[in-house]
Amino acid sequence: RSEEMAKSTQLIDNEVFRAYATYTAIVLLKMMLMSLLTAYFRVTRKAFVNPEDTASFGKGESAKKYLRTDADVERVRRTHLNDLENIVPFVGIGLLYALSGPELGTALLHFRIFAGARILHTLAYLIPLPQPGRGLSWVAGYAVTLSMAYRVLQAVLLL
Amino acid sequence: RSEEMAKSTQLIDNEVFRAYATYTAIVLLKMMLMSLLTAYFRVTRKAFVNPEDTASFGKGESAKKYLRTDADVERVRRTHLNDLENIVPFVGIGLLYALSGPELGTALLHFRIFAGARILHTLAYLIPLPQPGRGLSWVAGYAVTLSMAYRVLQAVLLL
Amino acid sequence: RSEEMAKSTQLIDNEVFRAYATYTAIVLLKMMLMSLLTAYFRVTRKAFVNPEDTASFGKGESAKKYLRTDADVERVRRTHLNDLENIVPFVGIGLLYALSGPELGTALLHFRIFAGARILHTLAYLIPLPQPGRGLSWVAGYAVTLSMAYRVLQAVLLL
Numbered sequence: 038r039s040e041e042m043a044k045s046t047q048l049i050d051n052e053v054f055r056a057y058a059t060y061t062a063i064v065l066l067k068m069m070l071m072s073l074l075t076a077y078f079r080v081t082r083k084a085f086v087n088p089e090d091t092a093s094f095g096k097g098e099s100a101k102k103y104l105r106t107d108a109d110v111e112r113v114r115r116t117h118l119n120d121l122e123n124i125v126p127f128v129g130i131g132l133l134y135a136l137s138g139p140e141l142g143t144a145l146l147h148f149r150i151f152a153g154a155r156i157l158h159t160l161a162y163l164i165p166l167p168q169p170g171r172g173l174s175w176v177a178g179y180a181v182t183l184s185m186a187y188r189v190l191q192a193v194l195l196l
Numbered sequence: 038r039s040e041e042m043a044k045s046t047q048l049i050d051n052e053v054f055r056a057y058a059t060y061t062a063i064v065l066l067k068m069m070l071m072s073l074l075t076a077y078f079r080v081t082r083k084a085f086v087n088p089e090d091t092a093s094f095g096k097g098e099s100a101k102k103y104l105r106t107d108a109d110v111e112r113v114r115r116t117h118l119n120d121l122e123n124i125v126p127f128v129g130i131g132l133l134y135a136l137s138g139p140e141l142g143t144a145l146l147h148f149r150i151f152a153g154a155r156i157l158h159t160l161a162y163l164i165p166l167p168q169p170g171r172g173l174s175w176v177a178g179y180a181v182t183l184s185m186a187y188r189v190l191q192a193v194l195l196l
Numbered sequence: 038r039s040e041e042m043a044k045s046t047q048l049i050d051n052e053v054f055r056a057y058a059t060y061t062a063i064v065l066l067k068m069m070l071m072s073l074l075t076a077y078f079r080v081t082r083k084a085f086v087n088p089e090d091t092a093s094f095g096k097g098e099s100a101k102k103y104l105r106t107d108a109d110v111e112r113v114r115r116t117h118l119n120d121l122e123n124i125v126p127f128v129g130i131g132l133l134y135a136l137s138g139p140e141l142g143t144a145l146l147h148f149r150i151f152a153g154a155r156i157l158h159t160l161a162y163l164i165p166l167p168q169p170g171r172g173l174s175w176v177a178g179y180a181v182t183l184s185m186a187y188r189v190l191q192a193v194l195l196l
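Top line first, the protein sequences correspond to chains A, B and C. Numbering-wise (the numbering used here), the first sequence opens with residue 38 and increments by one. Numbering-wise (the numbering used here), the second sequence opens with residue 38 and increments by one. Numbering-wise (the numbering used here), the third sequence opens with residue 38 and increments by one.
Take these hints with a grain of salt, some might be off.
[To be verified] Derived SDA-like pairs: lysine to any residue, alpha-carbon spacing no greater than 25 Å straight-line:
id, chain 1, residue 1, chain 2, residue 2
1, B, K67, C, L194
2, B, K67, A, N87
3, B, K67, A, L70
4, A, K83, B, G172
5, C, K101, A, G172
6, C, K67, C, L146
7, A, K67, C, L118
[Claimed, not checked] Pair ranges (Cβ atoms, derived):
id, chain 1, residue 1, chain 2, residue 2, range
8, A, R149, B, F94, 46 to 56 Å
9, A, L141, C, D109, 41 to 51 Å
10, A, T143, B, E98, 51 to 61 Å
11, B, V80, C, T106, 16 to 26 Å
12, A, T143, B, L146, 29 to 39 Å
13, B, F94, C, V176, 12 to 22 Å
14, A, E140, B, T81, 49 to 59 Å
15, B, D50, C, R82, 46 to 56 Å
16, B, V86, A, I156, 27 to 37 Å
Bear in mind the hints are in silico, worked out from the structure with no lab data behind them. For glycine and all other residues, C-beta sits at the position ideal for the given N, C-alpha and C.
Can you make the complete structure from the sequences, with help from the hints?
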């Protein structure tokens, strides 16, 4: 049993891996927040997509009018999809990067810029801020992931 | 060579990690099933989105009428996207959770509730069941992931 | 410190894991390329979705006409979403597979077919090639992931 515990806590004792775990949890929680925001806007804007979701508003035409798109709901949904498109590569490449033995300071710099960039991206998308606010925050996160991928391929390349 | 094998099977010998691997494989396979279902509904409902996909139905207008949306196809696609939005955080946070050394029983409880909740969510979405069936199954999976994220941040926090 | 480094480079010294890391980085970078392609087509086709993205084209109606969908943009976006739906299971199941101690040759075969299939899928989708080009490349990647999932469940099953 104690041997098992030792095995399981091995990676988690590594500081770079702990930093990776911290920032991955943060950006995935931030992404999950988009689901709640979508639900919030659907309910407050009364804009649904599934007929069964409007059943509580009555039957027939009185409920049907709530099956519609809403600009705010669609905006949150785009933010959510953009998170998926960018956070999935970060989580996958970041794991490999964390295991490739980078310096803690360098790794923290990558993780902090990525997390900060994605939080700014969400704010820029939802407020919304004038461009190039959203564009630049997207580029920052993208560049961090490219930098980690370069380091990973340098460390492990086996085709 | 044998040393390599030992290294590679190290994590896989840990019971919590084996449980994580089992349930992650199950929920990812469940998500992959959505692709097959989308294809099935596109073919049976004759509702396609790419012109090259309708070429076998003939040329010109006779094929063009199959470039349309269908309520069942769109419903499966929403289920698939909801899986992506929820299973990606489970896979990422669940891995960190499994490595943070939880009790096997506690970990199994988390993984089983999540997998069960997502299977129920898919059934509730596709049948469809009246609300709050789908809503509650979504909340159960979401809550499990939040609980794992809390444990991960408690165990590893390194900002 | 050196002990930490040793821990962190342990997995990365395993050849199967290095192969997994290489191909995972490649397919995630390929997926990230879809973001750049979407941006390229949005700018060259002048087809945007957010009002703040068209502000540089002037005010009022002169900018509003660029808030529209474009067939090429939508095609790239479908390719991107298809990548998410298929590369996420590969990255998750592939990690578990790499840790389950497969032969290096077998693992490389899986990873190479998957990466090749997804690159062909993108080309088939964007050129576009006549069917069943895209369909077959999709099936190849899907089958590889199923094969890895089977091996994972065989090796770790703990319900």
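Structure-based check of all given hints:
1. B:K67 with C:L194: Holds. B:K67 to C:L194 sits at ~16 Å (cutoff 25 Å).
2. B:K67 with A:N87: OK: B:K67 and A:N87 at ~22 Å, within 25 Å.
3. B:K67 with A:L70: holds, 23 Å
4. A:K83 with B:G172: Judged against 25 Å, a Cα distance of about 16 Å means the pair holds.
5. C:K101 with A:G172: holds, 20 Å
6. C:K67 with C:L146: holds, 19 Å
7. A:K67 with C:L118: holds, 20 Å
8. A:R149 with B:F94: 46 to 56 Å: This hint holds: roughly 53 Å between Cβ atoms.
9. A:L141 with C:D109: 41 to 51 Å: holds, 44 Å
10. A:T143 with B:E98: 51 to 61 Å: Given about 60 Å between the Cβ atoms, the range holds.
11. B:V80 with C:T106: 16 to 26 Å: Given a distance of about 25 Å, which is inside 16 to 26 Å, the answer is holds.
12. A:T143 with B:L146: 29 to 39 Å: For A:T143 and B:L146 the Cβ distance comes to about 38 Å; the hint holds.
13. B:F94 with C:V176: 12 to 22 Å: Distance hint for B:F94, C:V176 holds at roughly 21 Å.
14. A:E140 with B:T81: 49 to 59 Å: Cβ of A:E140 to Cβ of B:T81: about 56 Å, so the range 49 to 59 Å holds.
15. B:D50 with C:R82: 46 to 56 Å: This hint holds: roughly 53 Å between Cβ atoms.
16. B:V86 with A:I156: 27 to 37 Å: Cβ of B:V86 to Cβ of A:I156: about 34 Å, so the range 27 to 37 Å holds.
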